[in-house]
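Participant: The lines below spell out each chain.
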Amino acid sequence: MPTSTNACGWWPLIDRTAPANAETDRTTSKRSWSHHLVEPVVLFTGLALLALAAIWLVTLNLVERERLAADRRAALLAVDMAETYEAQIVRALREIDTTLKLVRYSLDDRPPHETLEDLRQRGMLPPALLFEVRISDASGSIVTSTHDTIPEQDASPAFEQDGMAIGLDHQEASGEDNRLAFSRQLADDEQDESGRATLLVDASYFVSGYEQETLGEQGVLALLGANGTFLVRRSGDTVRTGEQVDHDALLDGNSALDEPARVRVSEWDGVRRYTVARPLFEFPVAIVLGLSEAEQMGAVEALEQTYFRRAALTSLIALCVLALLGRLSWKLRRTQARILEERLSHARRAEYLAFHDNLTGLPNRAFFSHLLTNHMQQARRYDKPLALLFLDLDRFKAINDSLGHDAGDELLQEVSRRLGQAVRESDTVARLGGDEFVILLPETSGPSQITQVANKILAAVGTPFTLVGQEFRITVSIGIARYPADGEDEQTLMKHADVAMYHAKEEGKNNAQFYSEQLKSDSLERLALESSLRKALERQEFMLYYQSKLDMQTGRIIGMEALLRWQHPELGLVLPKHFISLAEENGLIVPIGRWVLYTACRQNVAWQKAGFPALSMAVNLSARQFLEDGLLRDIEGALRATGMAPELLEVEITESMMMLDMPRAVGILHELRKLGVRIAIDDFGTGYSSLSKLKAFPLDTIKIDGSFITDLVGSASDRSLTEAIIDLGRNLGLTVVAEGVESAAQVDYLRRKACDQIQGFYMHEPQPADEAALSMRRRIDGAFPP
Amino acid sequence: MPSRLKRIGCSLLLCLVSSVALAEVVVVVSAQNPLAKLTRSELADLYLGRTSRFPNGQPATPVDHRENSPAYLAFYREYLGQTPAQVKMHWSRLIFTGRGQPPHSLPDSKALADFVGENASAIGYLDDAHLDERLRVVAID
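In order, the protein sequences belong to chains A and B. Okay, so the first sequence: first residue is 1 according to the numbering used here, each after it adds one. Okay, so the second sequence: first residue is 787 according to the numbering used here, each after it adds one.
The set of hints was computed from the structure by calculation and includes no laboratory data. Since we're looking at a predicted model, the values are computed, not measured. For each residue, glycine too, the CB sits at the ideal point set by N, CA and C. One or more of the hints may lead you astray.
[Claimed, not checked] Cβ-to-Cβ under 8 Å is the rule here; a few derived chain B residues that face chain A:
1. 853
2. 874
3. 887
Please build the complete structure, drawing on both the sequences and the hints.
Facilitator: Have a look at this one:
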């Protein structure tokens, strides 16, 4: 089913978009990355990274600045403090030296202890709380002291040098050496050993300026002796004396004067410190000051931690905000995408509906028109002829009207399924509307192949259906137009296929016809007919011709057949075969049929009134008219209105009309019978009805089709058939009428075979009412032709 | 064992002696000095070199006993809550940084009584056994 796949899934309307897409691919890929940038995920991840980078760059920069500033502060502070310490030490040493010099100067003939006591009482000695002053003789024995001294021997160092000697005071008794001893020789004469004045003070005195607030727990204040011994060193509350360190290394590593202190690892405890070590100018000692790097930078590190925490918090907040924004944006995107998708699918659906038939899912007229144009282009390009089949279901209106629209719809669906199955994959089936279908055969080799397809379609459609519980047959008429032979544009091609289809209808339906130029002129006539047919009734363009029927025995006119003619203002006289099918299609057959009945009945009565004998009046019923509900009412109405006797009226129906829906046809015929109307079968012998079925119908008359009569003399088969019909009619008790009698030979033959009545040009051709009356009069007056 | 016992006995005795002595150490000024009482912190300020004037604005000259004498130990423990080492460290810092001099120390209670009795600006402390009419006991609260 080529087109049913279209019904399930939408296929692109415009196939040529594919290469165009490939072309645009390159440009879209170029654009794609800038497109990706605005993707929420990418955009917000990027923003987040930027924000994080900014936050952390600023933070690290700040921290670095703070660190540098703190470093410089500590280095400068160390120098500053070292200078203060140096000044304090120098002042303390000078005071001590002054005291020693004062003692030496004051010594006179008095005993030394009196001199000391005198000085003490005058307040010229430093406070006894901290300072002890001793005098010893040349042998080192202590002569006197401001304090109650334990050792007998002065163990304080005696340097062979001028000026004040400085050293640790070793106290052998306690093993402690936590006092510093400062001494001077009492005699100016350096050659001789002389006594000494010594001042002793706790070593901690020289580091008592240690401020915990500035120096911390790990800072250092120290006095370094010339020999590399720490006279005293304090860190925090710990005071040490007598430690040995590398004197030169400590002093050499020092920075220049007024320069910020450098960080060095202290040799004695491994702590990193901003260290300043300076030898004193006047005394053989050096001061050492150190600020612990860890402690000095502790505040900065705490600040750093704060900065880092803040940065982390800010980062977190930024990330949260961006994540939230990102999520919102993503949601918005998704909603937009969904709306777009909905619109798109809606548009697709709308497009699908716009291009497909609702009922069958087949392409509709608009879409087919597009497909046809495309295929015609292809056919032109590759020089491949294509064929267009125009299909119209026969008698669909009658079925739709009698079984209802739902059954009609079901029928159309079934037909579309069958059409789909009857053609190839590459063929296209479409529904133009109503009961009209078109089939496009894009690749055809020639007429024989097309005919084959058409026959297949005819067979497929013609297979019986079951609709609303009844078995049914429907046929189709097919018109075929070929491209490019029958038309080079879509409109022409469609029109010509349509023309061919009408020709198929005229050719008795259930067949296929190729278009030809001849048909075209016919169809032009038909088109004109169609437009003027609607106005024909009110313009009173219809008229009845009458043809007489003669009794074979007496030669008398015993009846008339009313024949419809259309006096077209331009075309002249138009025969029913040219417009009845048209009238059936558009429904005009009903009012026209009614008019025929009334007119025929009125004429019959008029003739009786004019003195003619009571003649029977035969009226032809069309298929649609026969099945119309209003038929009986119309016949009754005509009889009543004209006052014509019912038994004079004879309705003529065709074989095929009876066979179409036999039970119904039988019912209608019985109804007619009840009215007293006579019933004749027209064109008998041309249909497919079996003779045996005739018994089922309440008939009065059989009319042998004129085609048999025409060749009666020449054709043996026609003769035998005619004889058989005459015999059958006689056996069934029916009146047998021969139509189309044109010669005396035929009349002779029929008379021999005891045919009941004859009708034909040989006696009378159909004539308008007044002419018929004249002929009748002549016939009645004159003799029967020999 | 006996030596350890003896040492413990000695310590106990010392404690007893010093507590008896402690109970008797009083802060004194000259009878000419109108100062009747001082707070502990005012007393500490005077003895730790934080001020050189009495609360009434008159100049003050605090005097000490010899370091480690019973009165010295008792005074600093009882009135200032300081050990001798703490006092020494305090003055060590002040002297080193050049911000003051410790109170003048006198050899015995008699010398101190004499000094305070003769100086209206003086303030000292001693066993109440050494009190005389030239001195006035200052109430410390």
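Participant: Which numbered hints does this structure break?
Facilitator: Per hint list: zero violations.
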